[in-house]
Every structure is written in C-alpha cells, then in structure tokens.
Amino acid sequence: MTNKAKTAIITEPSRGTGPIRYNNKGDPMKALKSGLPAPDFSLSTTPDQKVSLSDFRGQPVVLVFYPADWSPVCSDQLALYNELKPEFSEFKAQVIGISVDGVWCHLAFSKDRKLQIPLLADFEPKGAVARKYGVYREKDGESERALFVIDGEGIIRWSYVSPVGINPGADGILKALESMTPGEKAENF
Amino acid sequence: MYEPTTLTEPVSERDHGEGPADAPLTLVEYGDYQCPYCGAAYPVVKRLQKTLGKRLRFVFRNFPVTQSHPYALIAAEAAEAAALQDKFWEMHDLLYEQQARLEPDIIPSWAKRIGLDLEKFESDIKKGVVEKRIKEDRQSGIRSGVNGTPTFYINGTRYDGSPDYESLLEALEYELVPQSRR
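These protein sequence lines map, in sequence, to chains A and H.
First residue of the first sequence: 851, per our numbering; consecutive thereafter.
First residue of the second sequence: 2, per our numbering; consecutive thereafter.
Here chain H stands alone, though its shape is the one from the complex:
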C-alpha cells in the first residue's frame, strides 16, 4: 500500500515559524537558498500566507543541495546566524528576493542592511555554531523523505503535488475539511 511520507521531526520551538503555533495548518518547507525552484516557491508561500492568514503557520528548514549549488550553504549559514540575532525571516526573505545576486561577497552587506551586529554574525558562522543546526535540518529532511528542493510538508505529510499557488492552496484547504466530510 502506498503510504504517504511524513515528517520524522515534528515542528517545535526549535523551528523558525511564521504564524500562530496553534494554527490548523502547518506548511513546512525544506529549502535551498540558491535553488531556483525554491526561489519560485518564495512568492507562492507569501501569497498563501496572505490568503490563509492566521490559519497557516509556515516553517522553513534547511536542505542545501551543496553539490548543485555552491552558495547554498553560506546562504543557509547567513540565515541561521541572523536567527541568533532574532532576524531569521529578514535574512531568509532577503536571500530569496535577491537570489540572483547571491554570492559570498555580498552577504556581509546584507547582514548590515538588516541591522545585524556584523562581528557577531561573522564570528558565529566562523565558529561553526550554525553548522550543527543546518546538519540537523539536513538529517531530519533525509529521514523525512525530502526528495528535492523545495519539499513541502502539509500538517506533517509530504506534499507531492505541483508547487504552484493553486495546487498548494487546494491541498492546504483540503486539510481544513473535517475528516468525516472528506
């Protein structure tokens, strides 16, 4: 019997989330900052957040495909280092909005742009503080059956449909329908 693949690591306080913790819908994305498909998914997620409002909690976890994307890891490190200064989403959003310009030399200017303490930012990355977290995300992703980037999970189950707005919205709204009515 084909069984849908599920998250091995449930969403917790450890995660970077936008939206209420008790929202009826949780959308988890395992993403790579240099992946064009994740770049395309970025505005889709924003739109979904706008449409669903408080009904949706969006969570982002790292899955840098380093063999294909040479800057994916440093981008992930930048976002996680920003998280240590409570500015994860500012950096996450900036990385995707400026994806075409992503390269190592531009990152310090982006860190400054969002108001980070640059010394701490660079030190945290250098000391490998954020490396561990990214590895943990990668492991949980592998175990959860991440099969490319982006891989989405809706309420813990891997979403295998098309990553366009309409299809994702339909799948999310389906989760709001009570079991008895499906």
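Here chain A stands alone, though its shape is the one from the complex:
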C-alpha cells in the first residue's frame, strides 16, 4: 500500500501540554495549539517592506507556514489559497505565507505564480518565527507545512500540521473561520 499519509503522523493522547506530534523522522514537534496568543513577529515581505502580525489586529489571520518556494506543481498550496481569495474574504481573513526563503526568492516566486498573498521571509535569524510557533524542522532547515488560524485579538483558534508532503487544502481553515465566535475554540487535530 503506497498511501504515505497513513503512516506519516502519529499522535499520543494529550498530556496537558497538548497532543505531541511526531514527524516521519520521529522528532517531537509542539506546534502552538488553540487558546494561546499567537507570537507577534515582523518580517520582510519585499526588500523594503516589513509585515507584522499586529498589523492585522481586528481581523482573522491565516498563517501558512510552508517548507519552500518553487515546489514543482502548478496548483500548490499557495496557488490554491490564492484561488480561494473570495472565500477567505467573506471572513475578512488575511492569508500570509511564511517560509525560510529570502525576499528576492519570494518576489520571483510570487510573480511567477501571480500570487496576491504576502510571502514573509523567515530568513534571519533562520526559522526564528517558525520556532516560536513550534513548527521548525531543525534537521531540514525548513518549516513544517503548518496552518494557524488567528482571531482578531491575536489568539490562535486552530492549528494544524500537515505531513510535509501533503498539501492540507483549505477545508480545515474554512471550518475554523466559520466556527470562530468570541469564546469558542475550534478543534485541534
């Protein structure tokens, strides 16, 4: 059976710190879970522009951590979210991509794929923001493929780490955005 997905992630029951996920190398990762404040950050999106999470107070933010630009598929994860801008706009949600690539790489990639999603360079110190969110893959020097939905007050309402080879799609994000009302927590999985 060649279905890689079935063996990619194993979780153990919660030990109070939240479910511990293991990646396919067996390393424990602790992605920040819902209920916690999303760490603020300030990263370059172009050579002369910086973007901070706090810039978006008052609206939901979807943080898309991904390993690297230039994955060889035409409708990869970012292109998909780009396509779904109308759906995200219904919630006034801002989608932001983050990888360890530098700003020039992001610029070229963004132009090539016609992306309207800001791409942030978690470049120096390398992976610092991914580490703050518990989604940095030390051995590969890239971030996990991880999603965080953050509410207008800066609280994480949903997070998900996908097996790095699998594009998680948008269904989980949209469910989280829909379920967000003050005081409610979306499910962590």
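Careful: at least some of the hints might be erroneous.
In silico DSSO-like cross-links for lysine-lysine, where the CA-CA straight-line distance does not exceed 30 angstroms [said to hold, decoys possible]:
{"id": "1", "chain 1": "H", "residue 1": "K136", "chain 2": "A", "residue 2": "K935"}
{"id": "2", "chain 1": "A", "residue 1": "K976", "chain 2": "A", "residue 2": "K989"}
{"id": "3", "chain 1": "A", "residue 1": "K982", "chain 2": "A", "residue 2": "K880"}
{"id": "4", "chain 1": "A", "residue 1": "K1025", "chain 2": "H", "residue 2": "K127"}
{"id": "5", "chain 1": "A", "residue 1": "K964", "chain 2": "H", "residue 2": "K121"}
{"id": "6", "chain 1": "H", "residue 1": "K133", "chain 2": "A", "residue 2": "K935"}
{"id": "7", "chain 1": "A", "residue 1": "K961", "chain 2": "A", "residue 2": "K935"}
{"id": "8", "chain 1": "A", "residue 1": "K1025", "chain 2": "H", "residue 2": "K133"}
{"id": "9", "chain 1": "H", "residue 1": "K113", "chain 2": "A", "residue 2": "K964"}
{"id": "10", "chain 1": "A", "residue 1": "K961", "chain 2": "H", "residue 2": "K128"}
{"id": "11", "chain 1": "H", "residue 1": "K55", "chain 2": "A", "residue 2": "K942"}
{"id": "12", "chain 1": "A", "residue 1": "K964", "chain 2": "H", "residue 2": "K136"}
{"id": "13", "chain 1": "A", "residue 1": "K935", "chain 2": "H", "residue 2": "K113"}
{"id": "14", "chain 1": "A", "residue 1": "K880", "chain 2": "A", "residue 2": "K976"}
{"id": "15", "chain 1": "A", "residue 1": "K976", "chain 2": "A", "residue 2": "K964"}
{"id": "16", "chain 1": "A", "residue 1": "K935", "chain 2": "A", "residue 2": "K1025"}
{"id": "17", "chain 1": "A", "residue 1": "K942", "chain 2": "H", "residue 2": "K136"}
{"id": "18", "chain 1": "H", "residue 1": "K128", "chain 2": "A", "residue 2": "K935"}
{"id": "19", "chain 1": "A", "residue 1": "K883", "chain 2": "A", "residue 2": "K900"}
{"id": "20", "chain 1": "A", "residue 1": "K989", "chain 2": "A", "residue 2": "K900"}
Which stretches of chain H does chain A cover? Using the computed rule of at least three CB atoms under 8 angstroms from a CB of chain A, they are [said to hold, decoys possible]:
{"id": "21", "stretch": "59 to 68"}
{"id": "22", "stretch": "137 to 145"}
Everything labelled a hint here was simulated from the structure, so no lab data went into it.
We put the CB at the ideal spot given by N, CA and C, even for glycine.
Following the hints, put chain H in place on chain A, whose structure we already have.
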C-alpha cells in the same frame, strides 16, 4: 490522529460518470482543463478504465484554478454546456486530448466537431446556466479538501499518493480487498 480527508458531496445522478453506478470502485477527479498535471492524468485514467473495466466508475468534477489558468473556466463551461446536449465526455476528452491548443477561439469549432447545436451551446454559456454548476463543484471541492489539481478521491477518500498509473492502480485494487484481509 491523522484522518483521511473525504468527499463532502457523495457521487450522485448529478455527476458526470463513466462506468456502472454500482461499480465497487469509484474514482472522482477534481480537475482543471488547462492544468498540465490534469493533462498528464488524462491518459492514466483512460488506462485505469481499460484495466479495471466494469469494476470502475470514473467521475469528473470541475476545479478550475483560474488565477493560474486563464482558459480553465471557459473550458469547463464548454464541457458543461456540452453536457446539456448529452455530450459531456466527448468534450471532456477533446479538451484534454487537444490541451496544447486550448484557447477561446477554438472552442466553437470543437463544439461543432462533436456535433453540438452551436447556438444553444453558446447561449447556455452566455446565460450563465453552466456557471452555477461549476461553482457548486468548486465549493464541494473546497469542502472536500481538494489540494491541487488533479485531486483524486477513491471511494470517497482523498488519494494523496503519486498520480501515476501504477500507484493509482495499486490504491484502487487495495479497495477491492475485503476489510478482513487488509
């Protein structure tokens, strides 16, 4: 626990299907007519249909990635308008076989080629009759976790393996093995 992603909208009479409705295997593809990966998947699906025969029902649903593929939507409209004249598969197949030549001006000639009433064809597209259906497919795809094109679902569960013939065949044949023997 990692849970496989499933179709939110089960296959029904609404769908364009090839193969018996009671086939033990159903392969659903959410596809984009201008996407080269879907173009590559087209002969793979044909081969799978040949190998599996009556055991397979193949269903195609639209997921045009319009930001990346400027002609994906008009191609989808052409196929759905052809469907209204009972020639969905003729147009679907032609679109993929001639994918390299896809552009707006060639579509009327393709419609004529497969014997469509051109006036009705163009009117249905213009009136937006097929637009609604394509939007419905897109929505069901989003909800079902479509994560690129093509995205395949085998018996309702998203297939995350490689889209080559051998891998798909293996995954499909695995579904034929009784639960107790897996």
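The hints, checked one at a time:
1. With a C-alpha separation of about 14 angstroms, the suggested pair K136/H and K935/A falls inside the 30 angstroms cut-off, and the hint holds.
2. At most 30 angstroms may separate the alpha-carbon atoms for a hinted pair to count; K976/A and K989/A meet this at roughly 13 angstroms.
3. With a C-alpha separation of about 10 angstroms, the suggested pairing of K982/A with K880/A holds against the 30 angstroms cut-off.
4. Between the alpha carbons of K1025/A and K127/H the distance comes to roughly 34 angstroms, so the proposed pair goes past 30 angstroms and is violated.
5. Simply put, K964/A and K121/H have alpha-carbon atoms about 35 angstroms apart, too far for the 30 angstroms limit, and the pair is violated.
6. Proposed proximity of K133/H and K935/A is supported: the alpha carbons are some 18 angstroms apart, at most 30 angstroms.
7. Annotation: proposed proximity of K961/A to K935/A holds, straight-line Cα distance about 17 angstroms (limit 30 angstroms).
8. Between K1025/A and K133/H, the direct Cα distance comes to roughly 23 angstroms. Compliance with the 30 angstroms bound is thereby established for this hinted pair.
9. Only pairs whose Cα atoms come within 30 angstroms are accepted, and K113/H paired with K964/A is rejected, the gap being roughly 34 angstroms.
10. A hinted pair counts as satisfied when its Cα atoms are at most 30 angstroms apart, and K961/A with K128/H does not qualify at roughly 34 angstroms.
11. For the proposed pair K55/H and K942/A, the alpha carbon gap of about 47 angstroms is over 30 angstroms, so the pair is violated.
12. Between K964/A and K136/H, the direct Cα distance comes to roughly 22 angstroms. Compliance with the 30 angstroms bound is thereby established for this hinted pair.
13. Simply put, K935/A and K113/H have alpha-carbon atoms about 36 angstroms apart, too far for the 30 angstroms limit, and the pair is violated.
14. A distance of roughly 18 angstroms separates the Cα atoms of K880/A and K976/A; the hinted pair therefore holds under the 30 angstroms criterion.
15. Of the supplied pair hints, the one linking K976/A and K964/A holds, its CA atoms being roughly 26 angstroms apart against a limit of 30 angstroms.
16. Pair hint K935/A plus K1025/A holds up; C-alpha atoms about 15 angstroms apart against a cutoff of 30 angstroms.
17. A threshold of 30 angstroms between alpha carbons decides the hint, and for K942/A with K136/H the separation of about 21 angstroms falls inside it, so the pair holds.
18. Using a Cα cut-off of 30 angstroms, the hinted pair K128/H and K935/A holds, with the two alpha carbons roughly 25 angstroms apart.
19. Among the hinted pairs, K883/A with K900/A is consistent with the structure: their alpha-carbon atoms are about 26 angstroms apart, no more than 30 angstroms.
20. Straight-line distance between C-alpha atoms of K989/A and K900/A comes to about 28 angstroms, which keeps the hinted pair within the 30 angstroms bound.
21. Counting residues of the stretch 59 to 68 of chain H whose CB falls under 8 angstroms from any CB of chain A gives 3; the rule of at least 3 is met.
22. Requiring three or more residues with a Cβ within less than 8 angstroms of a Cβ of chain A, the coverage given for the stretch 137 to 145 of chain H holds, as 3 such residues are present.
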